[in-house]
Amino acid sequence: MSFILYIPGRMNRRQGLLALFLLIFTLGAGAQQAFPSAYDFIYGLFEPDPNEGLTVFLSTLIPMGGAAESMGMAYTAVAQDASFLELNPAGSALLERTQIALFHNNWIQDTRIESAIYAVRFGTLGLAAGGKWLYLPFTERDDYGYRVTSGYYSEALAIGNVSLHLFPGYYFYGVSVGANIKLAYRSMPDYGDDLGGVIKGSGASQSALAIMTDIGLLTRFNLFKLYSSRSKNFSIGMAVKNIGPTVMDEPLPTVATLGLAYNFFRPILLSADISKPINLQDLSQSEKLYWGVGYSMVITDFWSLRAGLLVKGANPRISAGASIAFFPMTLDVNYTLDLTTQFTALNRISITARFDLGDMGRASRSAMVDSLYIGGLEAYAANNLEKAIELWTKALDVDPYFDPAREARTNAVASLELQQRILDLQRLE
Numbered sequence: 001m002s003f004i005l006y007i008p009g010r011m012n013r014r015q016g017l018l019a020l021f022l023l024i025f026t027l028g029a030g031a032q033q034a035f036p037s038a039y040d041f042i043y044g045l046f047e048p049d050p051n052e053g054l055t056v057f058l059s060t061l062i063p064m065g066g067a068a069e070s071m072g073m074a075y076t077a078v079a080q081d082a083s084f085l086e087l088n089p090a091g092s093a094l095l096e097r098t099q100i101a102l103f104h105n106n107w108i109q110d111t112r113i114e115s116a117i118y119a120v121r122f123g124t125l126g127l128a129a130g131g132k133w134l135y136l137p138f139t140e141r142d143d144y145g146y147r148v149t150s151g152y153y154s155e156a157l158a159i160g161n162v163s164l165h166l167f168p169g170y171y172f173y174g175v176s177v178g179a180n181i182k183l184a185y186r187s188m189p190d191y192g193d194d195l196g197g198v199i200k201g202s203g204a205s206q207s208a209l210a211i212m213t214d215i216g217l218l219t220r221f222n223l224f225k226l227y228s229s230r231s232k233n234f235s236i237g238m239a240v241k242n243i244g245p246t247v248m249d250e251p252l253p254t255v256a257t258l259g260l261a262y263n264f265f266r267p268i269l270l271s272a273d274i275s276k277p278i279n280l281q282d283l284s285q286s287e288k289l290y291w292g293v294g295y296s297m298v299i300t301d302f303w304s305l306r307a308g309l310l311v312k313g314a315n316p317r318i319s320a321g322a323s324i325a326f327f328p329m330t331l332d333v334n335y336t337l338d339l340t341t342q343f344t345a346l347n348r349i350s351i352t353a354r355f356d357l358g359d360m361g362r363a364s365r366s367a368m369v370d371s372l373y374i375g376g377l378e379a380y381a382a383n384n385l386e387k388a389i390e391l392w393t394k395a396l397d398v399d400p401y402f403d404p405a406r407e408a409r410t411n412a413v414a415s416l417e418l419q420q421r422i423l424d425l426q427r428l429e
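Residue numbers (the numbering used here): 1 to 429.
To be clear, the hints were calculated from the coordinates, so they are not data collected in a lab. Treat the numbers as computed from the prediction; the structure is a model and nothing was measured. Among the hints, a few may not be true.
Said to hold, decoys possible - Simulated restraints on C-beta separations:
#1 P267 x S371: 26 to 32 angstroms
#2 G160 x L61: 34 to 40 angstroms
#3 M368 x I236: 30 to 36 angstroms
#4 F264 x D110: 39 to 45 angstroms
#5 S284 x K232: 36 to 42 angstroms
#6 Y191 x R365: 43 to 49 angstroms
#7 F265 x I422: 26 to 32 angstroms
#8 I108 x D397: 53 to 59 angstroms
#9 S228 x A353: 29 to 35 angstroms
#10 F327 x Q419: 47 to 53 angstroms
#11 D370 x Y185: 45 to 51 angstroms
#12 I181 x P137: 28 to 34 angstroms
The beta-carbon is built from N, C-alpha and C at its ideal position, and this holds for glycine as well.
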C-alpha cells in the first residue's frame, strides 16, 4: 500500500509543512507500534541473566588466554594454534605445526590462571594434552579482625584430546571430528566456626571431582575468494563442551557453539561464534544465548594484531591483542576490558608463549609432491606417458590425497591404453 500527499497550489507553505509533519508523526507512530521490541531487544542483550551462576566448575569457561581470548573467544571455526583445545577439539587434526604453549592469565584482582598445552599431528590424526589451574587466596577473619584461617581456593583441569581428519582431499577439504576428555578437581580450604576455631576437613567436604567431555567438528571450503591460495578461506565449526554428570547435585556449564571464520583477503580474518548454554539438570534454567566476534590482521610475517567483542549477559567485554614471532617462539599479549577490569591494580592481561616444534616434514613432502607432479606434466607434454605415470604414482605414494596427480594419472593410463589398442589394430591389419 502506498500513500501520496497532494498539496494544492493555493495551499500556503505553513499549511503544507503542517500536513507534512502530521504525516511524519502518523508514520512514526505506526513504526513504533510495528517495532515495539527494538529497544527491548537491544536492552535484553546486556541485562543480567537470572540463570547465570547455577553451574559449577566455571573455570572451564574462563579463557586460558592467547589468540582465542584476543578474538572475543570467537575461535570455534578458526583453530589455528594451540588455543583450539578449549573451544573446538577437532582442531588438533588440522594444525600445521607441533606446538607447546604456556599461558598466564592475570584475571580478576588476585585470581590467576596458569595453563599449558601440547599439540601434535600425525597425518590425519591429531593429539593434544593440556591443563589449567585457577587459584586465588582465601583468608577468613573473625568478628575482631583476627585471621582464623587462610589458604587457596583452586580449580584444576586436565584435558586429553584426539581428533581425526576424515575424507581429506585437494578439492574437498574433508571434515575433522574430535573429542576431549576432561578431569576437573575443586579444592576448598578449611574454614572456621563461630568460635574462631578451624573446622578440620570442612574444605574437603566441599571439594569435588568432575569428569566431562567435549565433542566438535570443523570443515573448510572456498567462498567468494579474492586471492589465489591452496588454503580454504571459509570455515565452519561446531562444538558441545563440558558434557557430564552433575557434581554434588549441581550441573556442569555445558555449552553448544556454532562458529564461522572468513578470510576474504589473505591477511584479514573475521570470525563469529554464537553459543547456547545448556543446563542438563533442568533445561528451563539454561542461560541465554551469547555471541562473540573476532578480527585478526597479519601485518608482517612476524607481527599480527587481533581484536574481539564478547556479549554475554550484563558484562560485555572488548579485547585486543598482538602476536610477535621470533622463531621458534611466538609471544601473544592480550588485554580485556569489561566491567570487572580495574586500572588501579592492572588485571585482565594474559601472556602466551607458543613454541614451534616443526611440522614433522609435511612442508618438504608437499614440495616433493609438487615437484613430482610438475615433472609428470612435463613428461606428459613430451608424450612420455610411462614416465608421467611413474612420477604421478610416486607423488601419490607421498601424498595419497593429492587429487590432481590421481586425475592426471588416470587420464595418462587411459591414453596409454588407447595407444596400445591402436597399435594392436595396426598389427592385425
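Query raised in the report: Should the hint that P267 and S371 are 26 to 32 angstroms apart at their CB atoms be regarded as holding?
Result: 28 angstroms, holds
Query raised in the report: For the pair S284 and K232, does the Cβ-Cβ distance stay inside 36 to 42 angstroms?
Result: Given a distance of about 40 angstroms, which is inside 36 to 42 angstroms, the answer is holds.
Requested in this report: Determine whether the Cβ-Cβ distance between I108 and D397 falls within the hinted range of 53 to 59 angstroms.
Outcome: For I108 and D397 the Cβ distance comes to about 55 angstroms; the hint holds.
Query - CB-CB spacing for Y185 and D370 relative to the 45 to 51 angstroms hint - result: Cβ of D370 to Cβ of Y185: about 49 angstroms, so the range 45 to 51 angstroms holds.
Query raised in the report: So the hint says 43 to 49 angstroms: do the beta-carbon atoms of Y191 and R365 match that?
Result: The hint (43 to 49 angstroms, Cβ to Cβ) is violated, given that Y191 and R365 are roughly 59 angstroms apart.
Query raised in the report: Per the hint of 47 to 53 angstroms, is the separation of the Cβ atoms of F327 and Q419 within bounds?
Result: Holds - the Cβ-Cβ distance for F327 and Q419, about 51 angstroms, lies within 47 to 53 angstroms.
Query raised in the report: Is it true that S228 and A353 lie within 29 to 35 angstroms of each other by Cβ?
Result: 34 angstroms, holds
Requested in this report: For M368 and I236, compare the CB-CB distance with the range 30 to 36 angstroms and indicate the outcome.
Outcome: Because 31 angstroms falls inside the window, the suggested range holds.
Query raised in the report: Between I181 and P137, does the beta-carbon spacing fit 28 to 34 angstroms?
Result: 31 angstroms, holds
Query raised in the report: So the hint says 39 to 45 angstroms: do the beta-carbon atoms of F264 and D110 match that?
Result: Because 43 angstroms falls inside the window, the suggested range holds.
Query - Cβ distance range 26 to 32 angstroms for F265 and I422, holds or violated - result: Given range 26 to 32 angstroms: violated, Cβ gap about 51 angstroms.
Requested in this report: Can you let me know if the beta-carbon spacing of G160 and L61 is within 34 to 40 angstroms?
Outcome: This hint is violated: roughly 19 angstroms between Cβ atoms.
Checked against the numbered hints given earlier, this structure breaks hints 2, 6 and 7; the rest are met.
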